[in-house]
Structures are given as structure tokens and as C-alpha cells.
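**Student:** Knowing the structure of chain X, use the given hints to seat chain U on it.
What follows is each chain in one-letter form.
Protein chains: 2
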Amino acid sequence: MTPLEEHTQKRVALIEADRALRVDNARVSRPLEDHADELVRRIRTEEATTVWGVEHEGVPHPFPGMEFLTGKDIISRTRLFGVIRKMPKGALLHVHLDLTVSPHTLLRFALQYSSFHIRSSEVVTCLNVSSVVLEIRPLAPDFPAEASSLTDACYPPMSWVPLCQARELFNEALGGPEGFDRWVTGHMSINPSTAYVTHNDNIRIWDKFRSAAMLSINIVHYAPIWRRYIRQFLEDTAADGILYVEARVNFSPRYMFDADGKMNVPHIEWLRIFRQVVEKFKQEREDFLDAKVIYTVIRDRDVEGLEDHLEDCLAMKKEFPDIIVGFDLVGDENTLVPLKDYLEPLIRFKERQKREGVSIPYIFHAGETCGDGTKADENLYDAILLGTKRIGHGFSLVKHPKLMQICREEGIALEVCPISNEILRLTASMPMHPLPILLNNGVPVALSSDDPAVFQNMGLSYDFYQVLVASEVTGLLTLGHLARDSITYSMLDGAEKAKLMHMWEDRWSKFLGELVTGEPCLN
Amino acid sequence: MTPLEEHTQKRVALIEADRALRVDNARVSRPLEDHADELVRRIRTEEATTVWGVEHEGVPHPFPGMEFLTGKDIISRTRLFGVIRKMPKGALLHVHLDLTVSPHTLLRFALQYSSFHIRSSEVVTCLNVSSVVLEIRPLAPDFPAEASSLTDACYPPMSWVPLCQARELFNEALGGPEGFDRWVTGHMSINPSTAYVTHNDNIRIWDKFRSAAMLSINIVHYAPIWRRYIRQFLEDTAADGILYVEARVNFSPRYMFDADGKMNVPHIEWLRIFRQVVEKFKQEREDFLDAKVIYTVIRDRDVEGLEDHLEDCLAMKKEFPDIIVGFDLVGDENTLVPLKDYLEPLIRFKERQKREGVSIPYIFHAGETCGDGTKADENLYDAILLGTKRIGHGFSLVKHPKLMQICREEGIALEVCPISNEILRLTASMPMHPLPILLNNGVPVALSSDDPAVFQNMGLSYDFYQVLVASEVTGLLTLGHLARDSITYSMLDGAEKAKLMHMWEDRWSKFLGELVTGEPCLN
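Protein chains in written order, with the UniProt record's numbering: chain X, 1 to 523; chain U, 1 to 523.
Just chain X, same shape as in the assembly (with noise of 0.2 Å):
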């Protein structure tokens, strides 16, 4: 053997230790997936040149796994997105579903119940259009409109319109009432120069994620529209070829709006609805099994506040005791309180369970964050030692080699959220991101996509497209056994698995077979 022969095998034998512990290592595949999988890394070449190596209109710099916000309509035109697009997608295991809806929709849906009021902080003008603080809300149908028109001049500073009228209204030198459904919505997501110039730092951005999430949270939370919501998100999701979902609800404000505008429809009733939705989705939908729920709370109260809610969850799981999965704390983890200020409460809570015969795993975000030993980066810890079931994000997880291994041996799986780190700043884009570090080191991780209505990512297939442009190791076969880690992770028990498990092998051998038998689109 010549020394560079003796080299080269090396080097392959040197490749292959080095992702010994990928997903895509471990599982053998099929012929048929191979022959996919090496279409689609032709695609992907292709259009690494014919898409990303161009220029494009209003996009100074685009290359594969670019800012989304920025590249997302240069995504959603390639052939790569279309094939993404058909990809049954497994389970959604993280996804807030208070901020799942387009914004679009929900103005929609507001609009169609004259309770709906809006306000502003000042007359709305073209100076101000884009900084004035805007609020919506349901109001009891005897309130008094305080005024007709947000733009109008003698419009008296956070004075109440009804919300048809306030679109009606809205100044034509604003763009008339399109302008008025640009204006709302643009509050209600975060656009590229938000994210990228203004606001381009993990810090600043939250304030502008809090309040988008604010203004859209008296749309969703009103009985009458969270119905049509629930449905609104499933279809979106079965849509996009997700099969499952465990949502998050955030359960921190006691009561939603009734129809009346009033604040008074408990926690009991926002599940029961739910269950309706969901029951009748799936008896009209054999393309998609289930959905569930994990309460979180958000992590700002104090111990006893948040006894409350625990004591509110067991409470709920004992009502609902196949819909409620898991328990959460959610919130900027580098600003509020981390997971070492609630071990009281948190420890007694499982034993609590534990003599009740309950069973309400713990799937905690921790380590959404870039520090390093910071409360965000260590609620790692706290979140393993509390026996977490999965984690959310774990962006700060690969800082720990330790806690990679634990998370490897015990199948805690990472609830990884690509576009949502890019836009919250963590990542300044894809190929940044640490996602390769966590395959590498075998640690189990289900896609998600965590908040869609303000990051515009509805679905999964956007989440899959950053991550496969992102790396030449990940290939269309990493994708398949990320959403079948994504259902081996999920909180379903397990005959609920297996037919999980075979409804996506049954849809993914369908896809695979259209895939390379060329439906015209993809050959």
C-alpha cells in the first residue's frame, strides 16, 4: 500500500468514528432511500448555484441557510422547498400554540365579531406607523366606542374603536384599509429589518417577540375564535405533513374572553374546547393522529404563584387525562426565573404525583440561550436532575460534553428549533447553528418550530429546508430519521407509537416511491 492509499483509507476509517453516533449512522437504510436521498443532495447542488449563487432583487447577500426572514420567498420558489414540502414530517413536539395562526387569519377571524376594539398610543401618521404601541381586545357589546378613527387627527390617544371601523377608517395615505391589515399584522410577526438591523441582538429582539405575542394574545384567547383557532392550526399542521402534535398552553392568564367580551372562561373550558376540536379533526382526517397539550406557565411568578399552577395542572390532568403530556416553564430564560429558584415546588410536585398515581413528565426549555455558566445556560442542569423527558431548545447543549452523553445514553431528546434560534439571535444563520455538533454526538433531536405566527415558519417544511442546505453530512435520510425521532420521543404511549410510527413509514415509503418514480415536479 502507497502512503497515500494507506492515507485515504484512514481518512474514510477517520469519517466514519467521527459520525458513528449520527442518527443516520446507526439506522441502516433502504435502496429506495438511498436513490431519494441522492436526488435530493442533486437538487441541492443544483440549486446551490442556481438559486444561492445569484443575486436577487432586495436580498443583498443570499446563500443557502441565509437569515429566513430574509431568504424565506427565495425558499419557498425552489424545487429543494417542493420536495420538503410533500415529506411526511412526524410529530411537532414544541410549539407554542398560542402563536401558531398567521396573523393574517387572525386579524381575519377578529374582524368578524364586532366586540373587537382597538387602540393606540397616538394618532397613527407615517412617521409613526411602525413605533406606535397598539392593543386589541374583545369588549362587552354595550361599550361605547370612544372614537372613529385611528389616524384621524383629533384621534384622543389610547381611546377605544371598534375594530371594523378602525380598518374602515384608516388614513388612505397609510394605505387604506390593506394598509391597516399591514399595520397590524407587522405588529403581530417580526420583519427582516426588525430582526436583522433594529433590533439585531438576543436582547432587543425579545422585547419585540413580547410584543408581538401581546397583541395577539386577546384575538386568541377569545372563546369564540380559540374554537376556530385550534382548527385553523390543525389543518395548517396536517397540511405541512405533520401527523402529531404536543403543543404548548400557555396557561398563565387564569381566563380567556367569552363572547361577551367578558374575562371569564376558565382553564377547564379552553381543554374542553380543545378536545372538540381535536376529536372532531380527527374523525374527519385520516392523515393525522392526535393532538395533545403540555401546560407551561410562564416563569416569571413567584414560588407560591407558580404552586398555583402546578396544583392547576393536576387539577387538569385529572380532567383530561389523555390530552395534558407534560409540564413546562416558558419564557426568556436569561431574563426571569431559572429552574434552581423552583426545585422546592418542582421536586415535591413529582412526588406529589408519585402518591397520586399521575403521571405529568417534566419537558423543560432550558439553555435557549448563548451564555455560558449563565441561570439560562445552567437551567441544563437543573432540567436533566429534575428528570426532564425532553428539552426544549438545549441551544447551549453542546457547550456540555457530560450533559450531550446523558442526554445520548438516556434518550432525553433536544426540541431544536432552527429558525426560531436565527431569529431570536442566537444564530446569525443556519450554517451557524450547533445542530451538527448535536447529530454528531448522537443526541436524539425533534425538529420544531416553536412559534410560526411570528417567525413565519407555519409547518415544519422551513425548519427541515434551513437544516438539509445547511450541512453536506444531512442529507434527506437525516431528515426521515429526525421525524421518526420526533415520534419515538413523543409522549404517546406505546400502542400509540407503533401506529404512529407505521402511518408516517407507510406515508414516507409513498413519498420516497413519488420521489424517485419522478412525479414530474421532482425529476
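Keep in mind the hints are simulated off the structure, nothing from the lab. Check each hint, because a few of them may be wrong.
Unchecked claim - Quick look at which bits of chain U chain X covers, simulated, 3 or more residues with Cβ under 8 Å:
#	region
1	17–27
2	279–293
3	394–400
4	465–475
Stated by the list, open to error - Below 20 Å or equal to it, Euclidean Cα-Cα: the simulated EDC-like pairs (lysine to aspartate or glutamate) are:
#	chain 1	residue 1	chain 2	residue 2
5	X	Lys208	U	Glu5
6	X	Lys10	U	Asp341
7	U	Lys340	X	Glu16
8	X	Lys375	U	Glu472
9	X	Lys350	U	Glu6
10	X	Lys340	U	Glu5
11	X	Lys375	U	Glu38
12	X	Lys340	U	Glu472
13	U	Lys10	X	Glu351
14	X	Lys375	U	Glu46
15	X	Lys402	U	Asp24
16	X	Lys375	U	Glu47
17	X	Lys72	U	Glu344
18	U	Lys375	X	Glu16
19	X	Lys10	U	Glu351
20	U	Lys72	X	Asp201
21	X	Lys402	U	Glu472
22	U	Lys208	U	Glu122
23	X	Lys340	U	Glu6
24	X	Lys375	U	Glu16
25	X	Lys354	U	Glu6
26	X	Lys10	U	Glu409
27	U	Lys340	X	Glu351
28	U	Lys402	X	Asp201
29	U	Lys375	X	Glu472
30	X	Lys86	X	Asp236
31	U	Lys350	X	Glu6
32	X	Lys402	U	Glu16
33	X	Lys10	U	Glu344
34	U	Lys10	X	Glu344
35	U	Lys375	X	Glu46
The beta-carbon is built from N, C-alpha and C at its ideal position, and this holds for glycine as well.
**Tutor:** For chain U alone, kept in the frame of chain X given last:
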């Protein structure tokens, strides 16, 4: 033991296990070190609020570890930076000698020689002042000036103007002579709006980097300046507390300019001058041990071209056995030739060294990329298999568990260049940098500055600062260990290395003593 106590105990053990491989965990610290470390942590915590938590004019979003070019002025004024400036840094192991001296000094040098001329692609005006292409070079004494001012409306594009004259006659509207200085030096470095707005991705910023390097090289490569240049580099380096240097010198051009502007000064003369300057500097200064050279060539040539350089490298090693300490290939790994395509000559070169009893270790750039499985990323496999003694950058090493293990076990240190990585847009800011992953995996690291003339991070203090403020785990102790590692993984022989370590430990103790007993500015 209560469940909470149990959790707390497990938590301590888990964090310890997670950090077991860290260099600051493996080596025992002295009370003086602990005291100093604590003091520095206190200053850091204070300044996180008093400096980084307040608004600064012209800095839209300050935070610790922020974009260096925007934050540099803030950093320079901090107490913490004052401390780090005084710290002995050990060895500087990754620096491209041709890009070390500040553009201002370089221009000042050039202005002292009448042979220097400048030309530009168009008449320089307010409109094109930042986009025009310019060139500087020495010309023969009898060369007739082709024009007298770059800003005259009648300036014929690409005509040579004597540098001094171009400066004196630079249009007042563009700032006159001072405007000329700003203009030229601006083209030799990278400014915030280039790095963070117009060229804000790894592909485009390399264009700017290359043009900055090309503009200054004709000044650096003028033999009378080369001598002063090296002296200046050594002075700046020693002033920052660096005790020893292994500088990469780019031997891609065969000749540099002589005093008469003729391109006829061969490599042997470059190194003769280097030796003379270093010897003189060593004699004069007790605070500096030595400077050596890593022979480098740009990875843009064919195999034959590389072989010519290997031949030349061997000849230089025989002529300057104490100076040449390694061989490397440089330039953008994403676009230029990967090690894989140079395997045959590189393997043969090693065999030849063995036969001839010469040792020129490989110290390869590898993995300076965000790519995953790309040719730049895969350079890591070949570098390691070719027996590289250290790795230049290795930015993508963190994706490779097996390669990290090899580096740890075989003592292959990474030359990590935090500010370079950030300005070249591999990471958007220091908190996103993968350095903590390397540290937590026990990979030896030597922090380095790379190209301080372009990045404006002269010495090592700025890089040390950015590393220190971007992590709560890393402290002054860690920086001390990194400095020690820079000595341990230098190419010095046993006796020299021991001498250097002794020098460093002496200065370290002195530094700690002054720090804790309270130089007024530090306590």
C-alpha cells in the same frame, strides 16, 4: 438528606463532571491566583452593568462580547481591559506577519520613501471615495510621475502619482492630507459598516479582507520597510505582554522590492533581515524571548507550484534552522485548494524530511469555516492525518467528537482567533463563538490575533478580553492556563520552552501580586 439537598449535591457533582476536562479544572491554582480571579470576576460583573448595560453614542446595542469593530472604543476604556493589558500573554502562535502593523504606521513608513507611488481606478471624489480601487507600490527612482493629484478632475485613471504629492494635493473637500490618511488606511482595514452591514457574510467579507491585504503588501514587501516593519511588530507585540512569537510569513511571492523599487529581493534575504532584527531586539529587551517563522504559501497553486515551495521551504530551513519552525498553507479554505488535493506532495515532503534528517512540522490551517462536511471542514481530517502539530483556527472542530478526542489525547492545540472569526463572520459575536465547547472538551487552545492590521486587534489583549467577558465559567485563571498552553504547544525545544515558561511564570506572579495588592487603578 432532603430531596432538595440531594438535588443540590448531584448538581455540584454534575457540573464538576461536565467541566472535568477543562484546563482550569485540571491544574491546581494558588491562593494568589484565586484571589486575583475573584477580583477580575467582580470587575467583570460590575462592568456588565456600568459599561455594557448603558447606552453609548453610535453603538446601537452594546453587550459584553459584542461585535469588536463597533465595541472596540468601549472595550479600550474599561477597567477590565486595563487589567488584561498588563497580563503576560505567553506565546502568539497564529499571526500573519504581513498583516500585523497598523495601517497608520505602514502609511507613515511609506511616506518616508520617495519611491512610493499611488494610483486609483478613477478620479477620487466624495461619491466614490470608499468604492474606488487603489494601489500603492515603490517605483524606480527615474520613474516619471504620470499625474500630480488623485482628486484633480483631469486625473487619468490608473496613473501613478508620488505618494507624498498625492497626499499633499488631496482635495480639501475630502479632508486634505488628513483625509488622505483616513482614506488610505480605511482601505487597508475593515470598518464596522463593511463587516456588519455591506459585507455581512463570510463569503463577501473575504473580498474586503483580500483587497485590504493586497493594498498593504507592496509597502510591507519593500526591503527598507520590511526591516522597520518587523521591528515595529516586535515592539507592539512585546508591549502587549507577549513573550514569544511564531509568525506565519507568506512566501508566495518569490521576491520583494529593493530600495530602488525593483522586485529582486529573494526569500533568503527576507529571512536574513528577519534574523537581524529579531536578534537585535532580543539583545535589547529582557521581556521578549524570541520570534520564529512558519513558512506559508497561499493554497491557490497547482501541485507543481506547491512542490516548488516545499523545495524552497526546505532550502530556507537548512539556511535558517533556528528560525523556520513549521509549514502551512493559507487563504480562504472555502474557495481554494483543500489539503486533500495536495496529499501526494505533502506526504512525500514528510518522507523526504525524514531521509534528510530535517524537521519542518506541519501546522495547518483547517476548518476555518461554518461548513459541515464541506472541503474546508474536511481539511481537519487531512490535517490531523498528515500529523499537524497544531491546527490554525479549527473553527469547525467542535462538530467532530472523534477529532476533538484526538486533539485532546495527542496534544494537538488549536490556534483560536476569536476576533478574526467574528469579523470574518464565522460567528456573529463572541457569546456565539464555539470556544467554550473546545475548553469543556479539553482541547488545548492558544488564543491568537491572526491579522491585527486588518482587524485592529493588535497584541492579544483584545482577544483575551472578548473571551473573558463572553463566559461566566472562564475567568482570569482560565486565561492564565491558556497563556501557559500557548507556551506548551509552541515549537520551541525543551530547554527554550522551559526558559519561556519560567519567564512567563515570573511575570504572572508579579502581575497577580500587583493586581491583588492593589495598583490604584486596579483595585
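**Student:** With a cut-off of 20 Å on the C-alpha distance, tell me whether U/Lys375 and X/Glu16 pass.
**Tutor:** Since the Cα atoms of U/Lys375 and X/Glu16 sit roughly 16 Å apart, the hinted pair holds (cutoff 20 Å).
**Student:** Is the hinted pair X/Lys340 and U/Glu6 satisfied, with a Cα-Cα distance of at most 20 Å?
**Tutor:** Cα-Cα ~13 Å, so holds.
**Student:** Do the alpha carbons of X/Lys340 and U/Glu472 lie within 20 Å of each other, as the hint requires?
**Tutor:** holds (17 Å)
**Student:** Taking a Cβ-Cβ distance under 8 Å as contact, does the region 465–475 of chain U have three or more residues in contact with chain X?
**Tutor:** Holds: 5 residues of the region 465–475 of chain U have a Cβ under 8 Å from chain X.
**Student:** Under the criterion that the straight-line Cα-Cα distance not exceed 20 Å, is the pair X/Lys375, U/Glu38 satisfied?
**Tutor:** Holds, at about 19 Å.
**Student:** Given the hinted pair X/Lys208 and U/Glu5, is their Cα-Cα distance within 20 Å?
**Tutor:** Not satisfied, since the Cα-Cα distance of roughly 39 Å exceeds 20 Å.
**Student:** Could you grab the alpha-carbon distance between X/Lys10 and U/Glu351 and see if it respects the 20 Å cut-off?
**Tutor:** Status holds; Cα separation ~18 Å.
**Student:** How does the coverage statement for the region 394–400 of chain U fare against chain X, requiring three or more residues with Cβ below 8 Å from a Cβ of that chain?
**Tutor:** holds (count 3)
**Student:** Within the assertion that chain X covers the region 17–27 of chain U, do at least three residues meet a Cβ-to-Cβ distance smaller than 8 Å?
**Tutor:** holds (count 4)
**Student:** Within 20 Å, alpha carbon to alpha carbon, are X/Lys10 and U/Glu344?
**Tutor:** At roughly 15 Å apart (the allowed maximum being 20 Å), U/Glu344 and X/Lys10 satisfy the hint.
**Student:** For a C-alpha distance cap of 20 Å, please report whether U/Lys10 and X/Glu351 respect it.
**Tutor:** Within the cut-off at roughly 18 Å; holds.
**Student:** Tell me if the straight-line CA distance from U/Lys375 to X/Glu472 falls inside 20 Å.
**Tutor:** With Cα atoms ~10 Å apart, U/Lys375 and X/Glu472 stay inside 20 Å; holds.
Comparing the model with each numbered hint stated earlier shows that hints 2, 5, 17, 27, 28 do not hold.
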